[in-house]
Amino acid sequence: MRAALWFLALFGVAVAVALFAGNNQGTVTLFWPPYRIDLSLNMVLMLLFGGFTLLYAALRALAALLELPMQARRWRLLQKERAMHGALLDALSQMLGGRFLRARKSAESAIAQERALEDAKEALPHGRRLRTLAHMVAAESSHALQDRATREAHLQQALDNIPDRAVAIEQELCEGAQLRAARWSLDERDATTALERLSVLPAGTARRTLALRAKLKASRLSHQTEQALETARLLGKHHAFSPAAAESIVRGLAMELINGAYDPAQLQRIWLGQLGGDAMQVRAWLLPVWERMTDPAQPPLPDAQVLKLVRALEGSLQALDANWLARIESAQQAAPRNARLQYLSAKACLQRNLWGKAQQLFTQAAQQLTDASLRASAWRHLAELAEQRGDAEAAADAWKKAAQANA
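With my numbering, the residue at position 23 of the sequence shown is 23, and numbering never jumps.
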């Protein structure tokens with residue numbers, strides 16, 4: 001269609017020229033004394049058109065000739081730029097292929113070529129990002145070669161290359177370098193350095209899945225279980241793990257946190273604070289352990305586990321239902337000489353305002369308990385009961401024995 005339109009336009013122009021020039025009788029006379037030159041108007045027009053065309057062609061040829069040095073410079077710059085990009089692509093390819101020494105050499109070649117362009121006042125708009133990426137490729141290759149000194153040198157140059165108030169894409173490149181450096185520290189099991197690198201990241205970057213994964217691993221390596229648990233929960237919300245894997249990780253960290261508790265107060269704080277648990281769930285978990293402890297046919301539990309069980313039940317006595325109170329009372333009656341069950345049953349009696357029975361059980365337990373904290377707690381309760389009765393002498397004696405038990 002376009003060719004047909006051009007053909008019609010040329011045909012129209014030809015017709016117009018033929019009509020104008022075919023019967024044109026006009027002449028142009030030039031007087032140059034003593035000469036007179038007569039030219040037809042058609043000839044003059046053709047000469048003017050030819051002269052304009054010749055002049056235009058001459059000017060274009062002169063412009064092209066004068067532009068040759070600039071074009072040569074541009075060509076050389078383009079070749080250098082292509083060589084620089086080719087070196088960086090080669091470095092990435094070699095690194096992915098496991099040829100780390102070649103990758104580092106290619107990355108260093110790209111850095112040198114970019115620096116040469118900058119020294120020649122021909123810096124590229126994206127030169128800073130390209131140089132940073134080349135430094136990171138060299139650092140990654142050095143890490144694979146276990147050349148820590150070279151790795152840290154390239155990493156520092158990459159970080160120094162990005163100014164504090166850089167554009168957003170350059171800031172992201174700097175944050176990516178910090179994340180990669182944290183991963184290197186984790187590969188070397190240097191959790192402290194990894195956490196330090198992660199701590200300088202902005203809040204938004206620190207909540208990305210990659211950063212959270214690194215933080216989880218670093219927290220576990222440094223035995224910061226509370227921080228690891230919180231990080232694992234965030235990763236679970238971000239669907240970084242499958243539901244089963246997330247549940248398994250959180251459960252393992254929770255058990256590690258609970259096992260690390262050194263007193264009942266800390267255990268309660270961990271369960272209610274960090275773990276957000278409730279007393280009913282605790283009792284559901286403790287029921288199998290309680291049944292094993294109170295079953296004479298089962299092997300006895302270690303003293304440390306029995307003590308933890310008593311402390312856990314003691315901390316939730318206010319929310320104990322009738323079934324659990326009946327279990328405690330039945331277990332104490334079945335083993336009347338068990339001092340820990342006496343203590344626990346006495347606490348249950350206090351909960352039900354059975355002051356006399358509580359005093360009797362506390363008195364028996366305080367004389368037999370081997371654990372200092374439980375014995376001191378029993379004497380404190382006896383002192384409080386004596387104060388309720390108005391027996392100041394018995395209260396003072398019980399307070400004294402409680403202090404001696406804690407000494």
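A portion of the hints provided could be inaccurate.
[To be verified] As a list, the in silico EDC-like pairs of lysine to aspartate or glutamate whose alpha-carbon atoms are at most 20 Å apart:
1) Lys-237 - Glu-226
2) Lys-80 - Asp-90
3) Lys-121 - Asp-147
4) Lys-401 - Asp-391
5) Lys-217 - Glu-196
6) Lys-105 - Glu-81
7) Lys-80 - Asp-119
8) Lys-80 - Asp-38
9) Lys-400 - Glu-387
10) Lys-357 - Glu-329
[Unchecked claim] Label-pair distances were calculated between CB atoms; the ranges are:
11) Arg-189 - Arg-352: 16 to 22 Å
12) Ala-112 - Thr-192: 33 to 39 Å
13) Gln-305 - Ser-330: 46 to 52 Å
Keep in mind that the hints were calculated from the coordinates and are not lab data. For glycine and all other residues, C-beta sits at the position ideal for the given N, C-alpha and C.
Results for each hint:
For the hint pairing Lys-237 with Glu-226, the CA-to-CA distance comes to about 17 Å; that is within 20 Å, so the pair holds. With a C-alpha separation of about 15 Å, the suggested pair Lys-80 and Asp-90 falls inside the 20 Å cut-off, and the hint holds. Between the alpha carbons of Lys-121 and Asp-147 the distance comes to roughly 34 Å, so the proposed pair goes past 20 Å and is violated. The straight-line distance between the Cα atoms of Lys-401 and Asp-391 is roughly 16 Å, inside the 20 Å bound, and the hint therefore holds.
Among the hinted pairs, Lys-217 with Glu-196 is consistent with the structure: their alpha-carbon atoms are about 13 Å apart, no more than 20 Å. At roughly 17 Å between alpha-carbon atoms, Lys-105 and Glu-81 fall within 20 Å of each other, so this suggested pair holds. Pair hint Lys-80 plus Asp-119 holds up; C-alpha atoms about 13 Å apart against a cutoff of 20 Å. Simply put, Lys-80 and Asp-38 have alpha-carbon atoms about 62 Å apart, too far for the 20 Å limit, and the pair is violated.
The straight-line distance between the Cα atoms of Lys-400 and Glu-387 is roughly 14 Å, inside the 20 Å bound, and the hint therefore holds. Proximity of Lys-357 to Glu-329 is assessed by CA-CA distance (about 12 Å); at most 20 Å being required, the pair is judged to hold. Restraint check, Arg-189 to Arg-352: a C-beta distance of roughly 54 Å breaks the suggested window 16 to 22 Å. At roughly 35 Å, the beta-carbon separation of Ala-112 and Thr-192 lies within the given 33 to 39 Å, and the hint holds.
Take Gln-305 and Ser-330: their Cβ atoms lie about 21 Å apart, and the range 46 to 52 Å is violated.
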